[in-house]
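Novice: Working from the sequences, and respecting the hints, build out all of it.
2 protein chains.
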Amino acid sequence: MSLRGAKPNEIIFTGSATESNCLALKGIALARQSGHIIISSIEHACIIEAAKWLEKQGFEITRLKVDKHGLVDLNDVKKAIKKNTILVSIMHANNEIGTIQPIKEIGEIIRKKSEILNSTFAKTSVGRQKSKIYFHIDASQSFGKISIDVNKMNIDLLTASSHKMYGPKGAACLFIREGIKIEPILLGGGHEKGLRSSTVNIPAIIGFSEAIKICQKEMFIENKRLSKLRDKLIKGILNKIPDSYLNGHLTKRLPNNVNFWFSGIEGESIVIQLDLLGIATSTGSACSSEKLEPSHVLLAIGLEHHQAHGSLRLSLGRWTTEKDIDYVLKILPGVIKNLRKISPFK
Amino acid sequence: MSLRGAKPNEIIFTGSATESNCLALKGIALARQSGHIIISSIEHACIIEAAKWLEKQGFEITRLKVDKHGLVDLNDVKKAIKKNTILVSIMHANNEIGTIQPIKEIGEIIRKKSEILNSTFAKTSVGRQKSKIYFHIDASQSFGKISIDVNKMNIDLLTASSHKMYGPKGAACLFIREGIKIEPILLGGGHEKGLRSSTVNIPAIIGFSEAIKICQKEMFIENKRLSKLRDKLIKGILNKIPDSYLNGHLTKRLPNNVNFWFSGIEGESIVIQLDLLGIATSTGSACSSEKLEPSHVLLAIGLEHHQAHGSLRLSLGRWTTEKDIDYVLKILPGVIKNLRKISPFK
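Those protein sequence lines, which keep their order, are chains X and C. Using the working numbering, you'd call the opening residue of the first sequence number 1 and step up by one each time. Using the working numbering, you'd call the opening residue of the second sequence number 1 and step up by one each time.
No lab work stands behind these hints: they were computed from the structure. Incorrect hints may appear among the rest.
Claimed, not checked - No farther apart than 20 Å at their CA atoms in a straight line, the calculated lysine to aspartate or glutamate pairs in the EDC-like style are these:
(1) K228(C) to D326(C)
(2) K79(X) to E115(X)
(3) K83(C) to E55(C)
(4) K181(X) to E10(X)
(5) K52(C) to E183(X)
(6) K337(C) to E322(C)
(7) K113(C) to E55(C)
(8) K341(X) to E266(X)
(9) K52(X) to E183(C)
(10) K7(C) to E210(C)
(11) K193(X) to E210(C)
(12) K330(C) to D243(C)
(13) K152(X) to E105(X)
(14) K252(C) to E105(C)
(15) K56(X) to E183(C)
(16) K56(C) to E183(X)
(17) K217(X) to D149(X)
(18) K193(C) to E293(X)
Specialist: Now the structure itself:
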């Protein structure tokens with residue numbers, strides 16, 4: 001297991017990214033007992049729901065807005081931090097629209113604010129340790145795809161997931177900087193330094209570790225290759241399909257993510273048509289596939305309900321070739337055109 | 001997935017038996033908000049620790065004593081149930097000493113007490129539903145080995161584990177009787193009916209289901225075969241090794257479990273000697289293998305510290321043959337004799 005800047009004893013294994021994220025939020029909050037937590041409005045459902053649960057337990061939650069590209073405003077981060085802030089949790093890259101947050105800059109702000117609060121606390125002789133603001137990032141989508149250094153980025157906790165990087169399901173990890181107190185959710189035999197009791201899923205963890213090794217070896221070249229394909233797909237769609245709009249940022253974006261909305265039609269009908277033609281796509285997060293509500297991420301970047309429902313997510317991966325991109329660019333314009341013809345929305 | 005008396009919609013999948021047990025205890029307690037919980041003193045560490053955590057949150061916990069065989073006294077169960085009891089959690093079979101609890105009889109007591117309390121509550125017009133006492137059993141060791149009927153045994157919640165029955169690690173389940181409210185621990189996308197958010201580990205669950213099918217097909221014959229081998233091993237040790245004592249009940253016992261204490265020596269040294277001779281054994285629970293304290297189960301059945309430390313657990317399984325039993329009976333007496341010769345305890 002290798003995460004730049006992290007020591008081996010700072011990583012524990014869990015069963016899923018959801019578990020790691022819940023453990024980070026609940027664990028820090030319950031260990032600190034009270035305080036203020038900052039998240040963004042486009043976090044994964046597990047962060048949003050864990051924050052909602054903590055709010056019910058009396059914790060104060062700030063949900064930062066994002067701009068039309070899905071970016072958190074650094075000034076908003078600065079303004080949101082208060083004397084009683086205990087944790088900031090911002091996802092590295094969004095699972096639906098691929099936008100990459102300025103994690104290093106957010107980390108810097110948190111570090112500085114934390115130092116100021118620490119020195120104020122020291123003067124008033126209130127417990128120094130208690131005023132530290134921890135920074136957690138959900139790197140489920142980015143780890144193995146873009147480089148991360150927990151020290152340079154001032155990250156205190158980080159979530160990474162095995163099956164998002166071609167490893168087996170059932171394994172994830174949580175980086176927890178040495179000395180940070182966290183209350184476990186799963187109690188029992190005291191596995192993973194007492195922070196996650198459960199029989200350790202060795203086969204899944206070995207698979208996860210192998211997946212990490214391969215991703216790290218290939219990351220630099222694969223990032224370049226996928227970015228090129230991604231940009232070809234984005235430009236092709238924008239050129240070939242009228243009234244098509246890219247969701248998320250053009251460049252501050254995961255190399256494997258493309259997300260569009262097409263006016264006048266429903267994303268679900270595009271998914272079905274493309275599926276029949278051998279192209280697997282989705283409208284949003286797999287975790288919300290049973291829900292009918294529009295994506296909270298697309299609403300947060302300013303899309304109307306009907307625009308969010310007209311959105312399509314295309315993911316690239318290790319086995320995506322230029323031929324695949326050409327095929328999508330050949331097929332998609334006709335699919336959109338035909339669907340628009342029969343659409344009741346026009 | 002088949003558990004006698006359970007409907008498919010009453011079963012959710014989790015990542016481990018520890019998670020299922022924590023979810024059962026925390027989930028029921030937090031949904032009911034306050035009340036009294038009964039467990040036995042020989043539960044698995046996850047139940048003991050979850051109960052301890054709930055005690056800190058203000059819940060009242062009763063820990064039932066067991067007799068020298070590890071059996072819970074039915075009168076103790078009757079006496080322990082109070083007006084505000086919300087949950088009784090008793091393991092079906094103990095992981096260390098194999099003792100099988102009278103689950104059907106305990107279930108019957110809980111059902112009757114619950115009915116009496118319900119009618120009293122109804123008379124005093126306090127919420128009827130709230131007075132129901134739920135019965136959870138940790139069947140990690142028994143499911144797939146001995147037959148269970150959730151209706152006949154009046155079980156409301158049940159934990160079963162995949163890798164305890166030759167399935168892959170990383171999968172477990174929790175039976176939750178229809179209509180029971182439970183607060184989830186892992187929040188997010190709302191998988192498993194909202195009770196366990198996390199990407200569903202389909203490969204592990206399929207493996208678990210296959211393991212269940214095989215166990216159910218073989219259970220009757222395998223139970224008979226193993227019980228015979230177990231009894232041969234127990235009788236052989238008692239006959240051949242002086243000052244050897246069986247831990248747990250002679251007949252109310254898992255077909256695959258044998259546990260002895262040998263006076264004058266340490267269990268760990270027996271484990272090492274046997275390992276060198278090709279026999280894999282343990283001193284207690286795998287979950288406590290990093291701990292030096294004597295087993296809480298062995299202390300609970302009345303063993304002294306030195307007796308608990310002198311105990312050895314031998315597990316039988318699908319691939320254990322009569323030849324293996326004969327080999328252990330040939331080897332073990334000499335190992336014990338030699339260790340006693342060099343023991344500082346004598």
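Novice: When the structure is checked against the list of hints, which entries are broken? Sort them ascending.
Specialist: 6, 7 and 11
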